[in-house]
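Chemist: Letter by letter, the chains look like this.
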Amino acid sequence: MKVINQVKLEMLNDSKNEAFARVVAASFAAQADVTLEEISDIKTAVSEAVTNAIVHGYSNSVGYVGLDCKLMDAENPLLPVRVLEIEIRDNGRGISDIARARQPLFTTQPELERSGMGFTVMETFMDEVIVDSSPGQGTKVILRKEIGAAGKLPKKSVKSGVDAGSEAGGIDD
Amino acid sequence: MLNLYRKGAMLVVRLEGELDHHSVADIRVEIDEALEENLPEILIFDLANVSFMDSSGIGMIIGRYRQMQEQGGRVGFVGINQKIDKLMQVSGLLKIIPIIEGSEADESNKPSQTGNA
Ligand SMILES: Nc1ncnc2c1ncn2[C@@H]1O[C@H](COP(=O)(O)OP(=O)(O)O)[C@@H](O)[C@H]1O
Ligand SMILES: [Mg+2]
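As given, the protein sequences belong to chains C and Z, one line each in that order. Note that my numbering numbers the first sequence so that position 75 is 75, with each residue one more than the last. Note that my numbering numbers the second sequence so that position 70 is 1070, with each residue one more than the last.
Only chain C is shown next, with the shape it has when bound in the complex:
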């Protein structure tokens, strides 16, 4: 894939930067031919990943959250597809069991009223979510969305957390 444009940014882990990161990602995405719904999806997914870096990665320590936005040409001769790739990085505590962390309703911070739905939201709102992390090594989350392929690819169905929730012990009725 050919990189068309790229923006790199480092932010202090101040929770005010959650809104800032969303605006940056939305503005960057606006140069591609995105729909309002796609912009809203991108903002939500970026908000989840940046919040995780601040809340879980650094919790009480000070550090930087990296935001790297890339617009790429998929070089698909049949479809004029562009791929928006957003990487969110922290040098915080890292994740020991990534598969478990990605489960709907799983959270290590229930006392902070975390819902455990962050990764589920990222996965539902983006086309691809890659998580690279290990304890003490920080966390890198890559969010990808195909732009311009809407309607040509099978739509993802929206699954809800409560359905998957019984065994994870999340939301009770």
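Since the hints were made in silico from the structure, they are not lab data. Hints should not be assumed to be uniformly reliable.
[To be verified] Straight-line C-alpha distance at most 20 Å; calculated EDC-like pairs for lysine to aspartate or glutamate:
no.: 1; chain 1: Z; residue 1: K1086; chain 2: C; residue 2: E128
no.: 2; chain 1: Z; residue 1: K1095; chain 2: C; residue 2: E113
no.: 3; chain 1: Z; residue 1: K1086; chain 2: C; residue 2: E123
no.: 4; chain 1: Z; residue 1: K1086; chain 2: C; residue 2: E111
For chain C, the structure is supplied; the task is to place chain Z with the ligands on it using the hints.
Modeler: Chain Z with the ligands alone, transformed into the frame defined by chain C:
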């Protein structure tokens, strides 16, 4: 930003703007203070003017829902708008918290019209 007002047995929380981890911190404190003061039977979240919400907003709402449940109270939504609908679907919140018709919420303010008018 939020606006709180009492309507009979209900406490209505009208939320405005962006609901994320940052903004939810103050909102949570204000709602909890109002809950303690008013001890409402029903807590209504009016989300009509919410322009953005992520799972931190979901967590805050679930927290208030649990609190109301412990006191035997109920929770309802009004004003689920298009900007937050997808998130509400994914979270499964709409399966445990019902959407109340706007007019229904208005009616129960009038003492003469409570019940099944
Ligand atoms: N950047 C990160 N650094 C360390 N741990 C993380 C990070 N992101 C996510 N996690 C872990 O994955 C879990 C699930 O994340 P998420 O689905 O966003 O739910 P929540 O944020 O509500 O806990 C978190 O509770 C945390 O244990
Ligand atoms: Mg999260």
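Chemist: For every hint, state whether the structure bears it out.
Modeler: Evaluation of the provided hints:
no.	hint	verdict
1	Z:K1086 with C:E128	holds (18 Å)
2	Z:K1095 with C:E113	holds (19 Å)
3	Z:K1086 with C:E123	holds (13 Å)
4	Z:K1086 with C:E111	violated (26 Å)
Of the numbered hints stated above, the single one contradicted by the structure is hint 4.
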